[in-house]
Structures are given as C-alpha cells and as structure tokens.
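Read off the chains here:
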Amino acid sequence: MSNDRKTWLAFGVIAVLLAIIGFAQSWNVSLGILNLCIISAVMALGVNMQWGYAGLLNVGVMGFAALGGVSAVLVSQAPIAEAWEASWGRLLLAAISFIATILVSVLCYRKLVPGRMRGLGITLTIVVGLALTRWSFDPAVASIEAIEPAKTGFLGGMGLPIIFSWLFGGVVAAGIAWCIGKVALGLRADYLAIATLGISEIIIAVLKNEDWLARGVKNVTGLSRPVPYEIDLQSSSWFIEAVRWWRSGALAAADDVAQQAMLKQFVIDASSIFVKLCYTGLFAAVLALVLLLSVKALDSPWGRMMRAIRDNEIAAGAMGKDVTRRHLEIFIIGSAVIGIAGAMLTTLDGQFTPTSYQPLRFTFLIWVMVIVGGSGNNMGSVLGGFLIWIVWIEAEPVGVWLMQVGTGWLDESNVLRLHLLENAQHMRLFFMGLVLLLVMRFSPGGILPEVVRKQ
Amino acid sequence: MEAVTDLVNAVVLLLNFVIVPGLSYGSQLALGALGITLVFGILRFANFAHGDTMAFGTMITVLVTWWLQSKGISLGPLPTALLALPAGILLTIALVVITDRSVYRYYRHAKAVPVTFMIASMGVMFMSNGIVRFVIGPNDQRFLDGERFIVSAREFKAATGLSEGLSIKLSQGLTIVIAIILVALLFWFLHKTRTGKAMRAYSDNEDLALLSGVDPDRIVLVTWIITAILATIAGTLYGLDKSFKPFTYLQLLLPMFAAAIVGGIGNPIGAIVGGYVIAFSEVMVTYAYKKVFVYLLPQSLEPEGLLQLLSTDYKFAVSFVILVLVLLVRPTGILRGKLL
Amino acid sequence: MSFLNGENMVGGYGGADILKGCSIDVNEGEIAVIVGPNGAGKSTAMRALLGMLEMKEGMVSFRGRDISKLSPQDRIAEGIAFVPQTSNVFTSMTVFENLEMGAFLRDDDISETIEQIYQLFPILADKKDQLAGELSGGQRQQVAVARALMSQPAVLMLDEPTAGVSPIVMDELFDRILEVRQTGVAVLMVEQNARQALDIADRGFVLVIGENRHTDSGAALLADPEVRRSFLGG
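Protein chains in written order, with this note's numbering: chain A, 5 to 459; chain B, 3 to 342; chain C, 5 to 238.
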C-alpha cells in the first residue's frame with residue numbers, strides 16, 4: 005500500500021474512532037479528546053523534528069511543555085502592581101548581579117590561563133555573586149509573596165490576551181533550549197538524553213517552588229480564554245436562536261412547557277460543544293501551520309542537509325557541514341514547537357498546575373507517539389499523537405470494563421476484585437510500553453514510515 | 003569549656019543532619035548507580051528502566067514482608083524485609099532476564115545502535131511501572147518494622163549531656179553495612195572469579211573477549227542477575243529509609259545516572275564515588291547551616307537567615323549541575339570511564 | 005594436505021567480493037606470510053580463515069577436517085588463535101589478567117604456560133601487575149601475542165603485528181615469532197613490512213586484488229625479480 009493511501013486510511017480510522025466515542029459516550033467527550041489529540045500531535049511534531057530529522061534524543065519534553073504552560077500565566081494574568089512596587093528595586097538588583105555573575109565567570113573562564121588561579125577566580129565569582137543575588141532577591145520574594153498570599157502572592161503577568169502566550173511559550177522554550185543545547189549538544193547521544201531529563205526535572209522544581217513567579221503548587225486558576233465562555237453563550241440571544249433553529253425538529257415534537265426545558269438543555273449542551281469547537285479551530289490552525297512549515301522545511305535544502313547529518317554525522321562533518329550548529333538549530337525549533345503546544349494545553353485547561361507535569365505523561369508518552377506514528381515522517385507524528393492519545397484516554401474505561409467482565413465471577417466485595425478494579429487504570433502504562441516495544445520490533449518505521457526520497 | 007561544648011554540639015549537628023543521611027543516601031545511590039554502570043559497561047546503553055526495576059524488586063519485597071508479618075514471622079529488632087529480600091531478588095532476576103530475552107536480545111543480535119536500546123528501555127520502563135502500580139497502587143507504603151533507632155536523639159542527649167542529639171536510624175545503619183558488604187562481594191567477584199574477569203574483559207574490549215572464547219550470552223545473563231540483585235537491595239534499603247512509593251523510584255533515575263556518569267560510566271568504583279559525591283552535594287547544599295553557626299560564632303555575629311544555599315526541593319538541580327559540570331570539564335568522569 | 009588450509013576462498017563483508025578465489029595454507033612449525041599492496045584483501049583472507057566473514061565459495065579445513073561452517077568462537081576452541089591489528093589487549097586489566105583471559109577456554113593448570121610465556125617475553129614477567137593500557141606500543145604487542153599463545157594454539161594468526169612500532173621493536177618481535185615457531189606452532193601473519201617478513205618466512209603468499217599472484221618459499225619470493233620490482237620497491 006502506498007504511503008499516501010495508508011495516511012488517508014489511518015486518519016479515516018481516527019475519525020471513525022472519534023465518531024464511535026461521540027455516539028457511545030458523548031460528543032462533548034469526543035471533542036475534548038480531539039482537542040488534546042491536536043495538542044499532542046503538535047508536541048509530537050516538535051519531538052519528531054529533533055529525533056526524526058536530526059536524531060537528537062530529547063527526554064525533557066515535559067520541561068518545555070511546562071515552560072509553555074507558565075507562559076500562559078505570565079502573558080494572560082493581570083500584573084500585580086503592589087507586588088511590583090514592593091519589589092522592583094531589589095529584583096532589578098538581583099537580576100543585575102545574577103547576570104553579572106554569569107558574565108564575569110564566563111570572562112574568567114575565557115581570559116584567564118587554565119590552572120588553579122582560574123578555578124579559584126571562577127569559584128569566588130560564583131560564590132560572591134550568588135550571595136549578592138540572594139541578598140537582594142530573598143527579601144524581594146518575601147515582599148511579593150506577602151501580598152494577599154491566598155489570592156495572588158506573585159508578580160502577575162502582562163495582562164495580554166492569552167493567545168499571545170502560544171508565541172511567547174515558544175520563545176521561552178527556544179531560549180532555554182539554546183542554553184541546554186550550547187552545553188549538551190556536543191556530547192554523546194545518551195548524555196543529551198540524560199541532560200534533558202535533568203533539565204526538565206529542574207524546570208518543574210522551579211515552577212513548583214518559586215511562588216513569586218506563578219504561585220508554585222498553589223496553582224493559578226481561572227486563566228482568561230481565547231474563546232467565549234459557556235455561560236455567556238447561554239444568555240446571548242443569537243446563540244439561543246441558532247440552537248432553536250438547529251434543533252427545531254426535536255423541539256416541534258414537544259409541547260410548550262417541555263419545549264422551554266428542552267431548549268434550555270439543548271443550549272447548555274450546545275454551548276459546551278461550541279466552545280470546544282472554537283478551541284478545535286484554533287488548535288487545528290496551529291497544527292496546520294506547524295505541519296506545513298515542517299513539511300516545507302524538510303523538503304528544503306536545509307532539510308536535506310539535516311537528514312544527511314542524521315544518517316552520517318561523520319561524513320556530513322567531513323563535507324564541511326557544521327553539525328553542532330545544525331543540531332542546535334533543530335533542537336531550538338523543536339523545543340519551541342513543544343513550548344507552543346504546552347501553552348495551548350494550559351490555555352485549554354484554564355489553569356496552571358505544576359504538579360500535573362509527570363514525566364510518563366509528558367515526556368515518554370510523546371515519545372511513544374513519535375515512534376509508533378513513524379519517526380521522521382511528519383504525518384506519522386500527527387497520526388501517532390491522535391492515535392496514542394485516544395488509546396491513552398480510552399484505555400482507562402476499557403480497562404475497567406475488561407476487569408469488570410473478567411472478575412464478574414468473583415463476589416462484589418471480594419478484596420482481589422476491588423483491588424483489580426481500583427488499579428485497572430494503571431494497566432494503560434503497561435499497555436503503552438507494550439505497544440512501543442511491539443512497534444519497534446515488528447514495524448521499526450512506525451505506522452507511517454519515513455519516505456526515503458530519491459534525489 | 004563552653005567553647006568546646008559548642009564545637010562538639012556543632013559537630014554533632016553536622017553528623018546528625020549531613021554526614022549520616024549523606025552516607026546512607028549515598029550508599030543507596032551507589033548501589034543503584036552500580037546497576038546502571040554495569041549494564042552500560044556490558045550492554046552499552048543507558049538503561050532508563052533501572053528505576054522501575056528497583057521499584058519492582060522493592061514491591062515484591064514489600065508484599066512478602068506483609069505476608070510474613072501476617073504470619074507473625076519477624077526478625078526481632080531487624081526489619082522483616084531482610085527476610086523477604088531473597089524472594090524480591092529472585093523475582094526481579096526473573097523479570098530482567100525475561101525482559102532481556104524478549105526485548106534486548108533481539109537488538110543485540112541485530113547489532114542495533116545504543117539509542118535503539120535506550121528507547122526500548124523506555125518501553126520496558128513503562129511496562130514495569132504499569133505492573134508495579136497495578137499490583138501495589140501508586141501510593142506510599144510503609145513496611146518498616148523492628149527497632150527504629152540504633153542511637154536515638156534522646157538517649158544520645160541523656161548519655162552525653164549535649165544539647166544536640168545524634169540519631170542513627172536502624173535503616174541508615176543497615177544501608178551502610180549492607181552496601182559495604184555488597185560492594186566488597188561485587189569487587190571480589192569482578193576481580194577474583196573467572197566469570198567476573200570475563201565480564202571486565204568483555205566490557206573493556208568486546209571483540210577481543212570473543213576471540214578469547216568468552217560466551218557473550220552468559221556474560222549478559224550474569225550482568226542482568228547482578229543488576230537485579232543490586233537494584234532490589236538498593237530499592238528496599240531506600241524504601242526502608244524513606245518509604246515505598248513507585249513514582250519516587252522513577253525520580254531516583256536522575257541522581258543515579260548522575261552518579262554513574264560523574265564517577266565515570268562503566269567504571270564500578272566510579273559509580274560508588276559518584277553516588278557519594280551526588281548524595282553529599284545534595285544534602286550539603288540543601289542543609290540550613292544556621293544552627294551550626296549559632297554554635298560556632300559569638301552571639302554578636304549570629305546569622306539572620308537560615309543559611310540554606312538552596313531549598314530542599316532543588317536537590318535534583320544539584321545532581322544535575324554537578325553532572326553538567328563534570329561533562330563539560332571532564333567528560334569521562336572523575337575516574338576514567340568509557341567514551342563510546 | 006596442509007595443517008590449516010583455505011582453498012579458493014571467495015567473499016566479502018556484504019558488498020562486493022574482496023576475496024576472488026585465494027588460497028592460503030600453513031603447516032606445523034612453519035611461518036607463512038601474506039603480503040601485497042593495500043586493499044589486496046590480506047587481512048580479509050585471514051579473517052576468512054577465522055570465519056569472520058561469509059564465504060560464497062571455497063572451504064577452510066583444519067587438521068584435514070572441514071571447518072567452514074564453524075563460528076569464530078568454535079574455531080578458536082579448535083586451536084586457532086588470532087591477534088588483531090589494533091585493540092588487541094585488555095587495556096584496563098593487568099598483564100597477568102590479559103594472559104589469564106587468553107587461557108579462558110582452558111580448564112587445566114596454566115601456571116606452566118605462563119612460565120613459558122615469561123621466558124619468551126621476559127619483560128612481561130616484570131610488568132605482570134601493570135595495566136596493559138599503560139605499556140608502550142612494543143610491550144603491548146608482546147602482551148597481545150602472549151595472550152593468543154596462552155590458549156596453546158596449534159595455529160597463531162597475526163594481523164600486522166609490527167604496525168606502528170619502531171624498527172628495533174620490530175626486529176625483536178620477529179625474533180620472538182621465530183622462537184614461537186620452534187615450539188611447533190604454525191604461524192600465519194599479514195605484514196606490511198614485506199621484505200623483513202619474507203626474510204623470516206618459510207613460505208609467502210603475494211595477494212593482489214583478492215587473488216594469489218605469487219606463492220613460493222620466502223627466500224624464493226625475495227629472489228624473484230618481478231616480486232622485488234612490484235612489491236618490495238626494487
């Protein structure tokens with residue numbers, strides 16, 4: 005079967021799956037899954053750029069997604085003027101001394117002759133610099149966190165529409181990726197993996213503990229939305245009229261009193277579906293844009309060079325390609341895409357909760373998507389994102405149902421049965437691992453393998 | 003006289019909050035890192051499933067401990083878990099050997115690149131994580147029994163008359179003693195036995211080891227068995243010391259990797275050195291030194307802040323920073339490891 | 005019938021055939037040398053004898069028995085030892101441990117063999133507790149040869165043993181190899197230093213593009229004007 009037909013078929017299957025969920029559970033659930041599918045697909049595209057185009061193993065997807073998430077807070081929340089007033093002087097001082105510390109140590113490293121003096125100089129700079137930073141920073145933090153700790157206690161954001169955070173999240177993720185890439189990209193493949201794993205844990209630790217930034221584990225809830233609120237829709241006449249017209253068939257059959265009640269219910273249902281569809285539209289637009297750009301990039305001379313480097317780093321290096329520099333580029337771009345997806349996710353959730361970032365869900369699941377979908381193939385990653393997310397979500401009810409059927413012969417209060425039912429949800433981890441290993445072994449290219457281009 | 007007491011108090015304080023916890027945590031990390039470094043030395047890949055191997059072994063030990071406790075069997079002052087360890091070890095050996103047979107062996111024979119092994123190990127990680135959570139659930143489980151302390155703070159204060167107490171938990175003492183015994187056994191095995199030497203030879207120069215008649219399948223099997231033993235014991239000791247929670251073991255992966263790489267990956271001594279380096283840095287950087295200085299300095303110079311370099315939540319950052327520094331300055335680790 | 009005999013060997017490493025029908029053989033107590041220009045397939049021929057590449061045609065026999073189907077490990081167990089050109093010692097192990105690894109397949113007492121090795125290579129006795137990775141290039145080559153001899157092989161195969169060592173060390177190594185022959189071992193080696201190698205060789209094989217060009221005694225080859233002109237630089 006040609007890859008094109010396979011692609012159509014695979015996405016047909018996805019559509020059928022979503023339709024089944026729509027009919028069997030509800031369209032609301034189905035659309036909710038679809039939205040997360042799209043976000044997952046964008047994340048998978050980001051990972052695919054790094055792994056599929058360049059062979060870079062980024063095991064810190066979670067960190068970049070969280071950076072996108074915190075961007076949503078920093079962009080959309082209103083600035084807390086009091087907090088800024090109370091702390092700006094000290095913050096500025098802390099920032100200056102922090103940056104100065106880094107600059108001076110780098111300068112020491114570059115200018116001084118290697119030896120004991122250099123080591124001493126750098127150590128001294130760092131110790132003094134950090135002490136100075138802490139000296140002005142700690143009181144600043146205390147003064148920020150003292151302001152209405154139950155409600156705010158942080159600096160707030162820029163007060164811009166949240167949709168800008170998608171861009172901002174990408175930029176922040178790219179910036180951090182530049183720092184990591186500078187340090188880790190010259191190293192071996194598995195060291196990069198471990199370095200990215202580490203940095204993602206650190207990003208999460210920072211977000212959990214720096215309350216002044218985004219309230220830490222106290223979470224930021226009630227983020228603004230790029231789409232209308234259900235409650236507003238339910239009271240706007242155009243929406244009610246539209247629903248009345250849409251469901252006129254069902255409404256006509258009922259009498260007046262019942263009609264009112266039915267209409268009310270229809271409007272409530274329709275409003276939540278409408279909101280989800282708005283998100284779907286926005287997310288799909290981002291996905292289409294990212295996909296378009298990646299396909300174009302992959303077919304460009306730059307993309308050809310990328311693949312040449314991936315397939316034979318040494319030969320490409322010998323031909324004068326700056327391998328490390330190209331790797332840095334793709335690492336930054338891929339991380340930015342993950343950051344964008346992370347910001348979209350937090351926008352959809354409407355809240356930022358650092359504790360929800362778990363490596364299994366945010367790093368390794370995305371990897372399963374890329375490998376299963378087909379590494380190196382953009383459509384494959386998108387497919388992987390859709391398929392794996394559906395399986396991940398639906399494995400839970402299906403698992404519980406299977407357990408219920410499987411343990412039906414046991415008594416209702418049987419301890420084993422209760423245990424199995426309670427923990428059935430965890431089997432989806434097992435199942436994901438199994439899918440990953442099976443695909444790697446029996447179909448190493450994934451469902452939609454990379455198309456080998458003939459020049 | 004008072005100055006001397008103050009000094010002693012400060013030392014006891016450091017012993018209690020830095021040295022003893024650092025030694026026991028370091029031993030746990032060292033045992034974990036040894037498993038990672040052995041797999042790296044022989045099978046040549048970074049095993050992401052190692053944390054979950056530890057979790058699996060500990061889980062079995064916990065379950066058997068509960069069963070023994072329900073039968074009224076105990077070890078007196080020692081934790082019953084020690085009695086349950088052999089069962090945990092055996093089943094963990096079964097797990098890793100089955101994993102090797104069904105997953106890694108295929109790639110070994112296909113001469114796959116290390117990255118493929120690494121991604122496969124992520125799949126294994128998912129599966130064993132799922133099994134552990136399915137069987138025992140995602141929550142905290144306590145299974146420590148027997149005596150709590152070798153030396154309790156109260157007894158110590160009463161005996162010495164100092165105002166600072168020193169407490170050594172039995173689990174900490176056990177960790178250190180068992181780690182020393184295990185490491186001694188491991189090094190005896192690697193340096194004095196035929197199979198151990200063959201393992202070192204295989205790790206050093208695979209082709210030449212094959213030319214000398216070393217059977218690679220046997221070496222790999224032995225490596226997995228040792229790894230399973232180390233992982234189960236390290237995991238159980240960690241669980242006794244803190245508590246058993248599946249997710250914590252996934253998080254231990256980072257400091258263990260850091261320990262293995264910092265020491266020089268593929269080098270067993272390096273893994274031990276790395277374990278203690280990472281553990282002591284974590285403990286020292288996140289300890290609040292205020293009280294120590296209160297004892298050491300005259301009253302007029304007493305510090306205002308906690309004198310804590312970093313909040314304890316950043317202990318992962320510590321292992322990471324050390325890792326990055328070592329990679330930049332000396333990519334082969336403190337003791338020369340492999341640069342594949 | 006020779007002791008170790010590779011006849012009409014054809015094959016390569018998956019791609020084009022490197023060996024296009026070459027025959028190599030060596031007898032007990034004899035030194036045979038394979039020489040020839042770069043890319044002639046000298047090392048490949050040796051690897052074919054050891055079973056390290058797929059052969060399309062031809063056969064390898066040892067002590068009159070067909071061993072073409074045996075794996076390299078099994079051939080080693082039969083009594084063939086091989087010293088690769090590079091990475092031929094365990095650098096992180098002591099000299100003594102290297103020798104022990106050479107005798108890995110033996111179950112009997114190896115102390116006597118070790119004494120013989122020390123007599124043959126006295127420097128190794130002094131350095132026995134030193135890591136092989138810390139030795140000089142020439143000493144390492146001695147460890148490599150000694151490791152191979154520890155299995156008490158009937159055939160010793162050496163892949164360019166003198167590559168990268170100084171002329172003095174080379175002469176010494178050749179002296180040692182002559183002594184090894186005295187013990188009845190069949191020695192087969194690939195050499196870049198063709199003149200010196202043929203000097204000590206009982207027989208020589210000149211390979212060109214995977215085929216035998218000349219096969220004769222070492223002295224005869226050295227005397228052959230065509231061989232001298234084409235391969236020994238006049």
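If you are wondering where the hints come from, they were derived from the structure by calculation, not from laboratory data.
Backbone N, C-alpha and C define an ideal beta-carbon position, used for all residues, glycine too.
Be a bit skeptical, because a hint or two may be false.
Unchecked claim - A partial selection of chain C residues facing chain B, derived with a Cβ cut-off under 7 Å: (1) F7; (2) I80; (3) S91; (4) S96; (5) F100; (6) M105; (7) L109; (8) Y122.
We went through each hint and held it up to the structure:
no.	hint	result
1	F7	violated, 20 Å
2	I80	holds, 5 Å
3	S91	holds, 6 Å
4	S96	holds, 5 Å
5	F100	violated, 11 Å
6	M105	holds, 5 Å
7	L109	holds, 4 Å
8	Y122	violated, 19 Å
Comparing the model with each earlier hint shows violations of hints 1, 5 and 8; every other hint is respected.
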